[in-house]
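Protein chains: 2
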Amino acid sequence: MSEPQPPPENVDPAKGPSKSQLKKQAKAAEKAKQTAEKAEKQKVLEQQRTAAEADYAVDFYGALPLNQSQSRTRRERVQLISLSHRDGEAVLFRARVHTSRAQGSKMVFLELRQGAESVQALATITPEKVSKQMVKWISSLTAESIVLVEGVVHKSPEPIKSATVSDVEVHIAKVHLISGIEGRLPFSLDDASRPESELQTNDAQYNRVLLDTRLNNRVIDLRTQTNQAIFKVQGAIGQLFRDYLHANRFVEIHSPKLQGAATESGASVFKVGYFKGNAYLAQSPQLAKQMAIAADFERVYEIGPVFRAEDSNTHRHLTEFIGLDLEMVIEEHYHEVMELLDGLFVSIFRGLREKYKREIDIIGQQFPADEFKWREGPEGTLKLTFNEAVDLLVEDGVSRDILDDINTENEKRLGSIVKAKYDTDYFIIDKFPMGLRPFYTMPDPNDPSISNSYDFFMRGEEILSGAQRIHDAQFLCEKMRNKGVDPESMKDYVNAFRMGCPPHGGGGIGLERVLMLFLKLNNIRRASLFPRDPKRLEP
Amino acid sequence: MSEPQPPPENVDPAKGPSKSQLKKQAKAAEKAKQTAEKAEKQKVLEQQRTAAEADYAVDFYGALPLNQSQSRTRRERVQLISLSHRDGEAVLFRARVHTSRAQGSKMVFLELRQGAESVQALATITPEKVSKQMVKWISSLTAESIVLVEGVVHKSPEPIKSATVSDVEVHIAKVHLISGIEGRLPFSLDDASRPESELQTNDAQYNRVLLDTRLNNRVIDLRTQTNQAIFKVQGAIGQLFRDYLHANRFVEIHSPKLQGAATESGASVFKVGYFKGNAYLAQSPQLAKQMAIAADFERVYEIGPVFRAEDSNTHRHLTEFIGLDLEMVIEEHYHEVMELLDGLFVSIFRGLREKYKREIDIIGQQFPADEFKWREGPEGTLKLTFNEAVDLLVEDGVSRDILDDINTENEKRLGSIVKAKYDTDYFIIDKFPMGLRPFYTMPDPNDPSISNSYDFFMRGEEILSGAQRIHDAQFLCEKMRNKGVDPESMKDYVNAFRMGCPPHGGGGIGLERVLMLFLKLNNIRRASLFPRDPKRLEP
Chain A
1 MSEPQPPPEN VDPAKGPSKS QLKKQAKAAE KAKQTAEKAE KQKVLEQQRT
51 AAEADYAVDF YGALPLNQSQ SRTRRERVQL ISLSHRDGEA VLFRARVHTS
101 RAQGSKMVFL ELRQGAESVQ ALATITPEKV SKQMVKWISS LTAESIVLVE
151 GVVHKSPEPI KSATVSDVEV HIAKVHLISG IEGRLPFSLD DASRPESELQ
201 TNDAQYNRVL LDTRLNNRVI DLRTQTNQAI FKVQGAIGQL FRDYLHANRF
251 VEIHSPKLQG AATESGASVF KVGYFKGNAY LAQSPQLAKQ MAIAADFERV
301 YEIGPVFRAE DSNTHRHLTE FIGLDLEMVI EEHYHEVMEL LDGLFVSIFR
351 GLREKYKREI DIIGQQFPAD EFKWREGPEG TLKLTFNEAV DLLVEDGVSR
401 DILDDINTEN EKRLGSIVKA KYDTDYFIID KFPMGLRPFY TMPDPNDPSI
451 SNSYDFFMRG EEILSGAQRI HDAQFLCEKM RNKGVDPESM KDYVNAFRMG
501 CPPHGGGGIG LERVLMLFLK LNNIRRASLF PRDPKRLEP
Chain B
1 MSEPQPPPEN VDPAKGPSKS QLKKQAKAAE KAKQTAEKAE KQKVLEQQRT
51 AAEADYAVDF YGALPLNQSQ SRTRRERVQL ISLSHRDGEA VLFRARVHTS
101 RAQGSKMVFL ELRQGAESVQ ALATITPEKV SKQMVKWISS LTAESIVLVE
151 GVVHKSPEPI KSATVSDVEV HIAKVHLISG IEGRLPFSLD DASRPESELQ
201 TNDAQYNRVL LDTRLNNRVI DLRTQTNQAI FKVQGAIGQL FRDYLHANRF
251 VEIHSPKLQG AATESGASVF KVGYFKGNAY LAQSPQLAKQ MAIAADFERV
301 YEIGPVFRAE DSNTHRHLTE FIGLDLEMVI EEHYHEVMEL LDGLFVSIFR
351 GLREKYKREI DIIGQQFPAD EFKWREGPEG TLKLTFNEAV DLLVEDGVSR
401 DILDDINTEN EKRLGSIVKA KYDTDYFIID KFPMGLRPFY TMPDPNDPSI
451 SNSYDFFMRG EEILSGAQRI HDAQFLCEKM RNKGVDPESM KDYVNAFRMG
501 CPPHGGGGIG LERVLMLFLK LNNIRRASLF PRDPKRLEP
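Chains as they are written, first to last, in full-length UniProt numbering: chain A, 1 to 539; chain B, 1 to 539.
Because the hints were derived from the structure by calculation, they are not lab data.
Cβ coordinates follow ideal geometry from the N, Cα and C atoms, glycine included.
Keep in mind that a hint or two might mislead.
16 Å max Cα-Cα, derived EDC-like pairs, lysine to aspartate or glutamate [claimed, not checked]:
no., chain 1, residue 1, chain 2, residue 2
1, B, Lys421, B, Glu379
2, B, Lys276, A, Asp533
3, B, Lys520, B, Glu461
4, B, Lys276, A, Glu310
5, A, Lys276, B, Asp533
6, B, Lys491, A, Glu538
7, B, Lys491, A, Glu182
Covered stretches of chain B, as calculated for chain A (at least 3 residues, CB under 8 Å) [unchecked claim]:
no., region
8, 176-188
9, 287-296
10, 305-313
11, 316-328
12, 471-481
13, 487-495
14, 532-538
Just chain A, same shape as in the assembly (with noise of 0.2 Å):
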C-alpha cells in the first residue's frame, strides 16, 4: 500500500478540490501507487535476481563444465510450459536453441524449445548484466545447441506466433551452454515441420525432407513438434489399451520372444542363432497368451516386440512392431470376446479424443486429417458378417468372382463405402471364411465353412485380427493335419490343451497401425521410434 497523500497545493482546503481536480488526483494517486508498485516489485524481483546470481557464481555466458555433476544448488529448473504463468519471476531453464537472430549489435533474439514447447527469449546490452560480448556469443549460438538460462519472465505485449509459449517472453540475465552441436545439421526442423499439404501443392518453393532422409537421421526428425506430439498419443494409446483392460480383471504377461521352433507359418520367421543349436523369434504371443489361458489365467494382456519375416515394404508392413495382444476366456459365445475389444478400441478412441486433442491438433497441422469417426450412439459399433461386406463390394461394382477374400485395394474400398454409408471410420467383419484364417480358429457350430473370427478396421486398414480358438487337443490336431502343420512340430502348445483348457478367444492389435490410421500419418514408419522394415535396421 502507499502512504496517505497530503492535499496538492492548488487545493482551498476549505472548499475542497472541484470535481475534475477530485478526477486529476485520483489519477495521479493511482499512478503513484502503481509507480511505487512496480517499483517494489522490481525491487523483489532485483533481490530474487540477486540472491539467485549469488547462489550460481559462474560467468554469465560461456559453457558449463562438461560433467555437470559438480555440486547441487537444487534451484529449481523449471518447464517451458509453465513459464504463461511466472509473469515476473526470475526463472533458471534448460532449453534448445531453436534460433539465434541478432538484431542490429546490441539485442539478440533466441527462439527456445524444450521437448514439443517453445518460447521467445532476448538479451539486450545493459551495463553491469549483459555485455556486447555475451550479445555476441548469444548470436553466435547454433541451432540446436543445448543451453542453461537464467531471465525475468515478461508478459509480451501481442501473442508471439512462433512459440507456443506464445504469451510471454525471457529477458536474459545469463546464458551458458550445455552441449554444443559438431558438424552440419542433416535438415532443419523448420523444414522437417512444414504442413504435408504444402509440399504436395508447391514442392518447389520449400526445402522437402524426404521420409527416408529422416529416417537415416531419426534423432532429429523426432524433435519436430509434430513428433514429439506422435510419440506422446503412441504412450497414451498404451496406457488406455492397460486401463481398459485393468478395470476388466486382464492380469499383464510377458512371454518369450526366443521359441525353440519355427510355428504359426514357418515362412515368415527370423531365424537365431542359439548357442549350439537354432531359435525362433515369435511372429506373435499367440500360442504363449494360449497357454497362459490353458495354466488358469482367465484373462491376459501382453504388449511386446512382434516380428514378421515378410519381404514387404509397403506402407503398412514393419518387419518388427508392437503387439497389443489379449486372450480370455469364453464363458458362452466368442462375441463376449469381440464385445469386450469394441469396448477397448471405443475407449482408446474416446481417451484420446478428450486427453490428447492438442497433441492431435499439432500433428494435423503437418498431416492433415478428417476427424477421426465412430458411431457412439445406442445402435454401437458397425458390425458385419464377411458376406455382407461382400455384398457392399458387389454392390458398388466390384466381381464378386475375386470376392473369395477381400484384399487391401477391396479393404479400403470398402471403408470408403461403409463412411459413405453409416459415417464411421471404424467398422468389425465378423464371420471369416474358414480357408482364410490359421488352423487353431474355431469354427462356426452350424457351419464348420465359416469360422468364429473377425477383423476390427480403422480408415479401411485392419487393426485387428482376433477369433475364438480350438481349445480342444484332438480337434486341433485335426485342423493342424488338413492345413499341412505336423502337431508333433508344437508338442508343448497342442499338450497344453490334453490338460483340459476352457474356451477362448482373443486379438492381436498392431500399436503402429492404429497410430498411424487415427491420425492418418499415410506410412507406418512414421508411427515407430526406430522403425525396421526390409531395407532398414538402423538407426
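Guided by the hints, dock chain B onto chain A, whose structure is given.
Leaving out everything else, chain B in the frame of chain A:
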C-alpha cells in the same frame, strides 16, 4: 414378517403368562418366525432355481457342445471369490475340478478351482433333481477337468480348510463338462504346491516335483495357487513401475530389438538371419533410450525383452528377460537420477506390501522368507560408495587384494553384513571404479578413475545397474577407442550426440530378479512365465 400369534393355550389370559412361559413363548415365536422366513427364502431360491433351470434347458449333467458359441442366455457366471457374499443364492460358474471324492454312493464332494481361488461343492441324491447316475458321473470327473456348475450357496457350518473361499459351500444342482483331460497329469497340483521347507526336511515323505519337471510342464505348474500369486505380483511390479514414472513426467517408448550391428558387447549377442544379411538382438534398450534423450524426449521408460547370449546356467541368469529401463535428462547432478530410481523402488516395495499382502502370504507358504525390509525412516535408503562397501568386506575378513571388483559371492556376503548392521534388504552402491563400467559411463569430475555410476541391491543381489552417460560425442569416441570399440561401428549412436544432447543418466532393472528377490523364490526361472536359458527354449 410372520403373522401375530394367538396366546398359547396353557396361559391364563387374566393372569398373563409366567416369566418362564414368556421366555418359551418368545423363543417359539422367534423359531416360528425363522422357520417362516427360511421357508420364504427357500421358496424364493426354489423359484430362482426353477427359473434358472427353465432358462437353461439341457441335461442336468453331461458334456457341453465343444464350440459353446451356440446361443447367449447372458446369465451371469460368477467369480468364485464372490461366493462368500452370496449365501442362499442360486449361482452358475465355471471352474476346474481339483479333486472329486465320492462319499458312499449317495454323495460326492468336489474341490473346485478358478485361478487362485477354490471352493467346496457337493452333490447328494435328491428326487427329481440329482439322480444316482449324476452323482456317479460327478464322482468320475478327473482332476483338472473344467466344469460348469449350477447350485445354491450355503454358509458352511465350519471353515473349509482346503478352500480359499472357506466360509461357504455349493450344493450342486447341475454339472456339465466343458473340457475333459486326455492322458495322465505329469504331477498333481497338490504335490506341486508343497512348501519348500517340508521338501528340504522330509523329502521322502512326498513326491517332490523337480524344477525341470515343472518347467517341462509349465502350463500345469502355473496353475498352483502360488504361481497364480507370483504372476499377479509380477504384473503389479510393472504397474507400480509405470505409475511412478507417469507421475514423474516419463513417456513410454518402444525401441527395436533388431539391431543392424552387434553393439554394447559383441560377445554375448544373438545373431539373426535378416533377409540376405544379418541382424542382432538388442542386449538392452541402452542405445535407443539415449538416442530418445538426444531427440528431446526428456524422460523415457521402456518395458520389453532383452536378450543375453551368455552361456551361464545360474539361478539368476536368463537368456531372455524383461528389462524395466529408464533414462532421463540430468539438470545439475547425476544423483537426481539415482534418487529418482530410489524413490521408484521404495514406491514399488510399498505398493506390494499395501496391495498384495494376500499374494505375498500365499507365496510365503510355499517359499518361506523373512519379510523384505527397507529403511523407511528419515535417514532414507542406505547408500554406500564402492570404497565403503569394500571396507565393510575387509572388516569382515575378505582380503582387499581381490576386491578390485565385488564378485557374486562377496555381493551376497556384503548383503549379509549390511543386513546385520543396518537391518535392510535394500541398498545402493555408488561410485564404481571406471574400469568396471561400460565405455559410455561418465567419469567423476574430480577423479577420472571413478565413475558416476551405481548398482542397486536386494537381498545381496544386484537388481539395477545405472549411471550418468557421456553425452559429448568427442569424449565418447575417446572412451570407445580406449576400450577397443570402433566409433564407426556405432555411427548412429555417436551421431545422436553430435547434434546436441543434454547430460543424462538412467538405469536398467531386471523384472524377474526383483520378483525373485522380493519373494525369495531362489531361482529366477520361477519368476518367468516361460523361462529361457542356454538349455531351455521350450515350452
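Original post:
Looking back at the hints listed earlier, which ones does the structure fail to meet?
Top reply: none
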